[in-house]
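Visitor: Chain by chain, the residues run as shown.
Protein chains: 2
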Amino acid sequence: MNQKLQEYARLLVEVGINIQKGQRLIIACPVDHAPFARLCASIAYEKGCKEVIMNWSDDELTRKKYLMADDSVFDSVPEWLVRFYTDYSKEKAGFLHLVSTDPENLLGVDADRILRSHKSQGEALKEYREIRNKNINPWSIGALASEKWAKLVFPKLEPEKAVEALWEKIFMAVRVKGDGTAIEAWRAHSKKLRGRMKILNDYNFKSLHYKNGLGTDLIVELAHDHVWEAGGDTTADGQFYMPNMPTEEIFTANKRDGINGVVYASMPLCRDGNVIEGLRFEIKDGKIVKATADKGEGILKNAISVDEGASYFGEVALVPFDSPISNSKTLFYSTLYDENASCHFAFGRAYPTTVKGGIGMSKEQLKEAGLNDSITHVDFMVGTSDLSIVGLTHDGREVPVFVEGNFAF
Amino acid sequence: MNQKLQEYARLLVEVGINIQKGQRLIIACPVDHAPFARLCASIAYEKGCKEVIMNWSDDELTRKKYLMADDSVFDSVPEWLVRFYTDYSKEKAGFLHLVSTDPENLLGVDADRILRSHKSQGEALKEYREIRNKNINPWSIGALASEKWAKLVFPKLEPEKAVEALWEKIFMAVRVKGDGTAIEAWRAHSKKLRGRMKILNDYNFKSLHYKNGLGTDLIVELAHDHVWEAGGDTTADGQFYMPNMPTEEIFTANKRDGINGVVYASMPLCRDGNVIEGLRFEIKDGKIVKATADKGEGILKNAISVDEGASYFGEVALVPFDSPISNSKTLFYSTLYDENASCHFAFGRAYPTTVKGGIGMSKEQLKEAGLNDSITHVDFMVGTSDLSIVGLTHDGREVPVFVEGNFAF
Chain A
11 MNQKLQEYAR
21 LLVEVGINIQ
31 KGQRLIIACP
41 VDHAPFARLC
51 ASIAYEKGCK
61 EVIMNWSDDE
71 LTRKKYLMAD
81 DSVFDSVPEW
91 LVRFYTDYSK
101 EKAGFLHLVS
111 TDPENLLGVD
121 ADRILRSHKS
131 QGEALKEYRE
141 IRNKNINPWS
151 IGALASEKWA
161 KLVFPKLEPE
171 KAVEALWEKI
181 FMAVRVKGDG
191 TAIEAWRAHS
201 KKLRGRMKIL
211 NDYNFKSLHY
221 KNGLGTDLIV
231 ELAHDHVWEA
241 GGDTTADGQF
251 YMPNMPTEEI
261 FTANKRDGIN
271 GVVYASMPLC
281 RDGNVIEGLR
291 FEIKDGKIVK
301 ATADKGEGIL
311 KNAISVDEGA
321 SYFGEVALVP
331 FDSPISNSKT
341 LFYSTLYDEN
351 ASCHFAFGRA
361 YPTTVKGGIG
371 MSKEQLKEAG
381 LNDSITHVDF
391 MVGTSDLSIV
401 GLTHDGREVP
411 VFVEGNFAF
Chain B
11 MNQKLQEYAR
21 LLVEVGINIQ
31 KGQRLIIACP
41 VDHAPFARLC
51 ASIAYEKGCK
61 EVIMNWSDDE
71 LTRKKYLMAD
81 DSVFDSVPEW
91 LVRFYTDYSK
101 EKAGFLHLVS
111 TDPENLLGVD
121 ADRILRSHKS
131 QGEALKEYRE
141 IRNKNINPWS
151 IGALASEKWA
161 KLVFPKLEPE
171 KAVEALWEKI
181 FMAVRVKGDG
191 TAIEAWRAHS
201 KKLRGRMKIL
211 NDYNFKSLHY
221 KNGLGTDLIV
231 ELAHDHVWEA
241 GGDTTADGQF
251 YMPNMPTEEI
261 FTANKRDGIN
271 GVVYASMPLC
281 RDGNVIEGLR
291 FEIKDGKIVK
301 ATADKGEGIL
311 KNAISVDEGA
321 SYFGEVALVP
331 FDSPISNSKT
341 LFYSTLYDEN
351 ASCHFAFGRA
361 YPTTVKGGIG
371 MSKEQLKEAG
381 LNDSITHVDF
391 MVGTSDLSIV
401 GLTHDGREVP
411 VFVEGNFAF
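Protein chains in written order, with the working numbering: chain A, 11 to 419; chain B, 11 to 419.
Simulated from the structure, these hints should not be mistaken for lab results. Source: prediction; values computed, not measured. Hints are not guaranteed to be accurate.
The list makes no distinction among identical chains, and a pair is therefore deemed to hold if it is satisfied within one copy or across any two copies.
[Said to hold, decoys possible] Lysine-lysine pairs mimicking DSSO-like chemistry, simulated, CA-CA at most 30 Å apart:
#1 Lys294 <-> Lys100
#2 Lys74 <-> Lys187
#3 Lys171 <-> Lys373
#4 Lys100 <-> Lys297
#5 Lys144 <-> Lys158
#6 Lys31 <-> Lys129
#7 Lys102 <-> Lys300
#8 Lys294 <-> Lys166
#9 Lys158 <-> Lys300
#10 Lys366 <-> Lys339
#11 Lys129 <-> Lys305
#12 Lys366 <-> Lys74
#13 Lys161 <-> Lys100
#14 Lys100 <-> Lys136
#15 Lys102 <-> Lys129
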């Protein structure tokens with residue numbers, strides 16, 4: 011176990027962030043996972059990291075705040091927090107996010123408080139977001155098994171066994187065996203993803219047509235100069251990093267107003283500590299004109315109304331139904347894991363990296379290139395075993411992209 | 011145990027801070043003690059606290075930073091940290107400091123890095139210190155038992171037993187029995203301290219003459235308009251609070267240049283994670299002209315040279331040799347506890363509250379009133395069972411203040 015934790019920490023710092031000599035590393039971590047953060051810090055310092063800065067969090071205190079704090083605190087963000095994110099992003103620090111949030115942590119909390127909190131953060135951190143869009147900060151997300159999360163994933167196991175089982179799933183997904191081969195395995199995996207990414211970029215599809223037995227029937231135009239990305243990203247200064255650990259997706263940007271039809275989520279969506287089930291969107295010229303859910307509909311409606319861009323899509327991602335996380339047949343209640351088990355979309359902000367020359371572009375230029383903007387970005391899963399996706403090229407050819415849930419090539 | 015922890019948390023929040031409706035509470039806490047911080051947060055919210063803000067720390071990461079970070083980071087303080095302290099102090103927030111630092115945490119660390127770190131913090135947080143000097147923020151310090159600290163205090167016990175024993179010592183010192191009587195007991199204790207404080211204020215001594223068998227022979231002039239304080243303080247807005255839990259001391263300000271003679275520490279001094287033993291100062295016209303120690307002399311010399319004021323005294327405190335913490339015959343390696351077991355002085359900054367009208371005074375006026383200024387304030391213990399202190403009044407009367415280590419009245 012200790013060997014595996016050590017190897018996982020090394021993977022996150024050396025491959026996820028690829029920390030450079032003289033670079034600061036900001037580690038966001040729940041207080042209950044301090045020992046793992048200490049492992050990451052030691053490895054970062056060994057690689058010449060300038061300084062490790064901790065950004066601690068605590069689920070219980072977050073929940074208490076939403077339930078008991080004065081109502082006014084959800085409408086503003088303190089200046090120190092703005093400076094924290096803005097200044098470290100400006101100086102090209104790395105951002106490692108260690109997450110183990112109980113997906114149901116905010117259950118029962120006033121949805122309006124959550125919405126206002128997101129809105130005020132979105133506004134206060136505008137400059138920070140603009141810097142992050144320049145892709146000068148390597149970043150990565152890695153999950154840590156916690157008791158509450160494990161209980162949700164393995165409700166029939168004893169707490170201790172559930173945590174163990176969840177750690178094993180995590181190690182499997184990030185290819186950590188405890189024998190020192192994880193970094194090599196990740197490089198091979200990244201290479202394979204980037205091979206398929208190249209094929210998709212060569213096709214340069216005009217649109218994708220999604221269909222499955224759930225009822226999804228959706229035509230998704232891609233941004234004109236879209237670029238498919240996968241298996242890692244490179245900062246403007248040439249630092250290669252791995253934004254998500256694990257990652258199985260190949261993703262790009264849709265054309266903001268180019269989506270029409272109906273789409274059903276194939277898995278629950280965890281948002282703000284609430285679980286949304288049976289999500290269904292009707293979309294016309296890119297805009298979500300009808301949003302329903304069997305459970306958590308209020309949370310869903312809030313999520314797509316934080317600003318105008320929240321009701322448009324910003325990301326199209328392809329993941330084979332037959333892939334490691336998907337094959338584990340486990341619902342993780344965690345976007346980081348579940349999005350890598352399934353084809354998905356995101357409503358909200360598009361990634362500037364998913365359009366040619368997007369990194370140097372102004373907000374207006376990105377908009378002209380067809381990309382959506384928003385303070386939010388929320389993934390939801392649509393992949394099923396019977397999903398078919400047909401690509402349409404600019405010269406009118408129809409090309410099967412997904413057949414029965416998996417890549418056709 | 012849970013009952014006692016709950017009662018201790020309540021004591022710190024309701025008596026230590028005396029949190030008011032609509033007031034923010036900043037809790038500084040080591041990450042390993044998150045459960046106790048959560049208890050404090052719940053109690054604060056129940057009393058109408060506007061928002062609890064956590065200021066987490068971690069001994070191990072602090073040590074790693076001092077050992078492994080880039081040398082440049084010790085010469086600057088990030089703007090976000092300055093804003094954090096300055097903005098919350100401005101808005102009259104309460105500051106609760108939960109401490110469990112391993113006193114030997116920084117053993118072997120480059121003393122120059124520690125010195126530069128203190129200096130740059132001292133300079134960057136100048137505005138914060140000025141606000142704090144206005145006494146608009148209720149604050150309190152409470153200790154939490156940790157394994158490393160407990161091992162130092164009880165080296166012969168098994169780790170788990172040592173932690174238990176340390177908790178029991180803490181509960182004893184803060185008068186927590188787990189039966190709900192702690193708050194009442196504290197109010198009675200505070201009243202008793204304030205009775206003696208009144209006697210000392212009525213005498214209005216010109217100077218105190220310290221003598222004991224260790225070799226201490228020191229004449230300490232008090233600031234002309236000095237005020238003795240004890241058992242709690244009141245903010246400028248009238249919020250009564252208890253700066254230290256426990257507190258047994260009655261303290262005031264010496265005249266900056268009015269100390270002459272020799273003084274020996276009677277207990278080790280823990281500073282920057284190092285233990286200084288056998289401390290001895292020779293003082294002429296207030297200035298420490300010679301500083302020696304049997305162990306940690308380098309750390310001591312650094313501590314008194316962070317700025318000019320660091321080599322002058324700023325506090326004179328009286329604690330009977332026969333008092334609860336002293337009687338426990340335990341060396342806590344913690345200033346919070348050890349200072350309340352023994353008469354002590356501090357080198358560095360004086361408290362503006364310890365001179366008449368000091369709160370409203372400018373830096374220059376405080377200096378004129380005879381008070382020392384510095385970015386630092388370090389207590390060291392001088393009480394012994396044979397300590398005698400003789401007070402000299404302005405009309406030339408000699409009054410015994412301490413006889414054989416205890417108050418003469």
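Visitor: It remains to establish, for every hint, whether it holds in the given structure.
Guide: Here is how each hint holds up against the structure:
1. With identical chains, the CA atoms of Lys294 and Lys100 are never at most 30 Å apart, being 38 Å at best within one copy and 51 Å at best between copies.
2. Proximity of Lys74 to Lys187 under the C-alpha cut-off of 30 Å is restricted to the inter-copy arrangement: shortest distance 28 Å between copies versus 38 Å within a copy.
3. Proximity of Lys171 and Lys373 under a CA criterion of 30 Å is satisfied in neither setting, with 48 Å inside one chain copy and 61 Å between copies.
4. Proximity of Lys100 to Lys297 under the C-alpha cut-off of 30 Å is found in neither arrangement, the shortest distances being 34 Å within a copy and 46 Å between copies.
5. When the C-alpha separation of Lys144 and Lys158 is checked against a cutoff of 30 Å, the pair qualifies neither within a copy, at 36 Å, nor between copies, at 45 Å.
6. Within a single copy, Lys31 and Lys129 get their C-alpha atoms only as close as 36 Å, which misses the 30 Å cut-off; across copies the closest is 26 Å, which meets it.
7. Within a single copy, Lys102 and Lys300 get their C-alpha atoms no closer than 40 Å, and across copies no closer than 47 Å, so neither meets the 30 Å cut-off.
8. Taking the shortest Cα distances, Lys294 and Lys166 never come within 30 Å of each other, neither inside one copy (42 Å) nor across copies (74 Å).
9. Neither within a single protomer nor between protomers do Lys158 and Lys300 lie at most 30 Å apart by alpha-carbon distance, with minima of 33 Å and 58 Å respectively.
10. In this assembly of identical chains, the alpha carbons of Lys366 and Lys339 never lie at most 30 Å apart, being 36 Å within a copy and 73 Å across copies at closest.
11. Only within a single protomer do Lys129 and Lys305 lie at most 30 Å apart by alpha-carbon distance; the minimum there is 23 Å, versus 56 Å between protomers.
12. Neither within a single protomer nor between protomers do Lys366 and Lys74 lie at most 30 Å apart by alpha-carbon distance, with minima of 44 Å and 42 Å respectively.
13. For a Cα distance limit of 30 Å, the shortest separation of Lys161 from Lys100 qualifies neither inside one copy, at 39 Å, nor across copies, at 43 Å.
14. In this homomeric assembly, Lys100 and Lys136 come within 30 Å of each other (Cα to Cα) both inside a single copy, at 13 Å, and across copies, at 26 Å.
15. Taking identical chains as interchangeable, the C-alpha atoms of Lys102 and Lys129 lie at most 30 Å apart whether they share a chain (25 Å) or sit on different chains (27 Å).
In summary, the structure is inconsistent with hints 1, 3, 4, 5, 7, 8, 9, 10, 12 and 13 from the numbered list given earlier, while agreeing with the others.
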